[in-house]
Amino acid sequence: MRHWYRTLLGLMLALALVMGLGAGAAEVVQLPREETLYFGGQQWGTVATWNPVGTNQNNAMATTSNGWGARTVMFETLYMYNFLDGAMLPLLADGDPVVSEDLITTTVKIKPVAKWSDDTQVTAHDFEATWNIGIEINNGTATNYGGYIDKVVAEDDLTVVITAKVDADGQPVNPLKVKDYLIGAFVAQKAWLETLKERNNNDATAILNDAAEDVPFTGPYGKFFSDDQKVLFVRNDNYWGQDESMWGKLPVPKYIGHNIFADNSAMEVAFKAGEIDVNQQFLPNIQKLWEDEGLPISTYMQDAPYGICLTMPTAWYNMNNPLLKEHTALRKAIAMAVDYDAIIENAMTNQSPSFKDVPRSLMNPTVGEQAMYDKDAVKDLQWAGVDYDGANKLLDEAGIVDSDGDGWRDIDGVKLSFNAVCPNGWTDWMAAMEMVAAAGEKIKIEITTLFPEWSTYQTIFTNPNQKDYDIFMWSPESAAPSMPWGRVRQYLGADLVGAENNWTGNWGQYLNEEADAIIKQIPMTTDEAKLKEMYTELVRIYLTEVPSFALMYRPATFHAVNESVWTNFPEDGDGLNIPPAVCTDGYGIAALYNLKLVGE
Amino acid sequence: MKHKIRKIFRSPLFLVGFGIFMLMLLMVLIYPLINPGNPLQSIGLGNFARPGTYVSLYDSVGSQRSVLRLPEADSKRVASLLGQEDRVKMAYWLDVTGKDIEGLNINDTEALLSAWKTHYDGKERPAGMTKADRNFYERLNKRLVAASNAPALSLSETDPASGETVEKGSIGKDDYVNISAVANVKTLPLGTDNFGRDVLKELVSAAGTSLVIGLIAGTVATLIGLWLGLLAGYLGGWVDDVIMFFTNIFTVIPGFVLLILISYSIGQDQRGATTVAVVIGLTSWVWTARSVRSQVISLRNRDHVNLSKLSGHSVLRIIWRDILPYILSYVIMAFILQVSSGILAEAQLSLLGLGPKTTEVPTLGLMMNWAMLYSAHLNGSWWAYFPVIMVIALISFSLNLMNTGLDQVFNPQLRS
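Taken in sequence, the protein lines are chains A and B. Under the working numbering, the first residue of the first sequence carries the number 1, and numbering increases by one thereafter. Under the working numbering, the first residue of the second sequence carries the number 1, and numbering increases by one thereafter.
None of these hints come from the bench; they were simulated from the model. Check each hint, because a few of them may be wrong.
[Said to hold, decoys possible] Calculated lysine-lysine pairs in the DSBU-like style (CA-CA distance at most 30 Å, straight line):
no.: 1; chain 1: B; residue 1: K142; chain 2: B; residue 2: K173
no.: 2; chain 1: A; residue 1: K530; chain 2: A; residue 2: K596
no.: 3; chain 1: A; residue 1: K356; chain 2: B; residue 2: K89
no.: 4; chain 1: A; residue 1: K272; chain 2: B; residue 2: K89
no.: 5; chain 1: A; residue 1: K325; chain 2: A; residue 2: K288
no.: 6; chain 1: A; residue 1: K442; chain 2: B; residue 2: K168
no.: 7; chain 1: B; residue 1: K142; chain 2: A; residue 2: K444
no.: 8; chain 1: A; residue 1: K190; chain 2: A; residue 2: K179
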């Protein structure tokens, strides 16, 4: 009797469990595949907030703003940047910006058709209010542009005037940064911002962290669903951009979504299975996916480097280490000995042009930037790597020799021993650091690799006084209207030395007055020939002094597509001039308007 | 003692395990003599070169040639260039772009190729064809263009002084070289890994390191466990209570979690192979201590132990002479298992990126870690991880077999 009772109880429990699972499964939102475009490599972890003026939103698809273009899926900017040709195309703005003669004020007209998702008109007052609240609560926009922009004012309903900050001489601090603002800052609605302030009692921290579920937006997509498994957006069919003066139509996919994956491998499997359409993920040996496995996967370019490289992950020498600071020959020798071809082939699996094709300078490998310095003038300074003889000779001549016969060179009796550091799990960087260490062995300098966790790494390399990392990796900025000036400053800018919690640049704390004087002049110079001369001089200083050295070129975003469901993604040579910016960033969003279903 | 050893070596389980283990050990000792050099040296550019024999193209051009007239040579050449599927796809392209291919036989290689060469245009975008499809045709076309049908290829060299190209000779379709005549031929039985290193050489060296790690970890764990177990079991009372208190705490905290935390806090620059081995040993002594203690408790009231006590022998002497010999076989078996689990623990730690630092010595776990980071398991490069798994499996399999064999000899309940 008791036995029977127990069996029944067990069965009932099992049934309840199965039913519970079933009920859980039924809640999962299933969207029609042929109306949904899935992204990969953007969203990690659950979305925190939908707040365009907040912080730590962890909402990659809605609130990401990069130098190469803000992600305008949900919130929009005045202009869209196209990193292929450096053009700024009007989005909410109507026509080109008008910059005053003295470069202090920039006037932008707003498109009269631009509407919020609640059907009210986008006005200049929205821009003013968004700027003002940013300054009040000190959000990302304020930290990025607060040093360069004095105020943003609505002159009338449809005219925004941006006034640059001026220095003691009455010159604008940096007019280039104002351009960055035009493509990088999202706008929020004035009326909503007032509600936001009210419900948080004007408390800055509360406003920054407000979940903003009710936020109105101007972009073509709004929130549809979000949990710890996925985030989904649905198209706003009343989107103002379908007006003839903008796109003339709606973007093709009705939904866009991003599943949240546990790790890179899980995402790679999903991408190969066609569950992700557009993937922003570094996939080693990506060509194997189509050459060996015959999958319908492609990249912007069919052959290496497969994408547009916009930045160069760099090894920085820490000038807080006196040995590295005082011995230019040492810095140059290590850089000369590194096998860059091996890094590019083995670590980047060829997804970068080589330093033979694009000799090192301060410029990224795009045609536009490469034209900004005189290649012949610095030809003798550009090294391509694996030059052990040259490096050894340089060290011997500088008197840096192995004087105690232990097999390692030393300076004043101190054995040369450095560490080469990058965050753990950043595969291609880790492999690159291994190869820097291997180069050290060839020229009798001991270099050991160190891969701390990201949480540790980020607190140390941004600390201006750190002495823990000797050679460490970080990337300068990729593309933006203010480039290459911004990147040059990141490499050589003296104003960044000693900055606390430094995410801006010059992480090696390198100081050079001569270079800094030129960097200060560039933003105010408009004469092309003069600019080229200045940039060439900076490249000369950089390659002579070697305060850091680039290890490879790298795309700002990886952009690989699986054409199982959608096709007609941007491709090299299709004449449309849409950048491979994962169909969302800057002018890259134009790709969404051209998509087609496979077989259609 | 001799009798025991003879008995052990009569156990088939033990013999098989011992054989595998010795084979691995010999391999670790002998292979570096045959193939010397630094196992961490990168020899290949690019990731994951396939296993096989690589012949220097450069050297083979200059080697002594022989002429072989092989009847299937031509058809093999064509087959490697153009599979059946490619032919169908080529015809599909010609058809879908509206080219006139009336009467084209796709098995007629010459006709197909000539139709392809006249009509194919990479710039054309046939309706309904994805970029991936178009890319396929472009690659195919590139291959077809690169392949030559000429009776001979000419060899030329650029004179560095004048910059002129001088013809140096030609290579015909029937020219062969004997592989032994080529100066540079490299066999990579297990290909290369993501750094372009010889996987077999690295694997052998890694197996050695892992065995050392296992031995150190096993020794540390067994020594700690044994002494704590002996003391707790023999002395009893408050000593037992204190020791068991700590042992129980360690039992409750999962050993692996503890291992991760300790490895993490040591920091990578301090983590050499030996440090990792010691840390593994320090976290895995618990069950040895517990079982030794229970064995000792059953021994401590035996007559010979009591006699020893009455004779006034010291505690250490009693433990050493009257207790340890009785549990020695058990301890050895425990030690073997500890070695095996030490090797596994290193592999697990390294797989999580918490293993020894990477530049100095290869270990099995590190090899798997890098193979995983470079998606070897997803892009079909089995040689970068599967042999490693096999070696780990074989080492722990052989150790476990040896353990089971010993168990059959020593365990009275299993003795036949």
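Here's how the hints hold up against the structure:
1. Between the alpha carbons of B/K142 and B/K173 the distance comes to roughly 21 Å, so the proposed pair stays at or under 30 Å and holds.
2. Of the supplied pair hints, the one linking A/K530 and A/K596 is violated, its CA atoms being roughly 47 Å apart against a limit of 30 Å.
3. Between the alpha carbons of A/K356 and B/K89 the distance comes to roughly 38 Å, so the proposed pair goes past 30 Å and is violated.
4. With a CA separation close to 22 Å, the supplied pair A/K272 and B/K89 stays within the 30 Å bound.
5. Only pairs whose Cα atoms come within 30 Å are accepted, and A/K325 paired with A/K288 is rejected, the gap being roughly 43 Å.
6. Between A/K442 and B/K168, the direct Cα distance comes to roughly 37 Å. Violation of the 30 Å bound is thereby established for this hinted pair.
7. Between B/K142 and A/K444, the direct Cα distance comes to roughly 45 Å. Violation of the 30 Å bound is thereby established for this hinted pair.
8. At roughly 23 Å between alpha-carbon atoms, A/K190 and A/K179 fall within 30 Å of each other, so this suggested pair holds.
Comparing the model with each earlier hint shows violations of hints 2, 3, 5, 6, 7; every other hint is respected.
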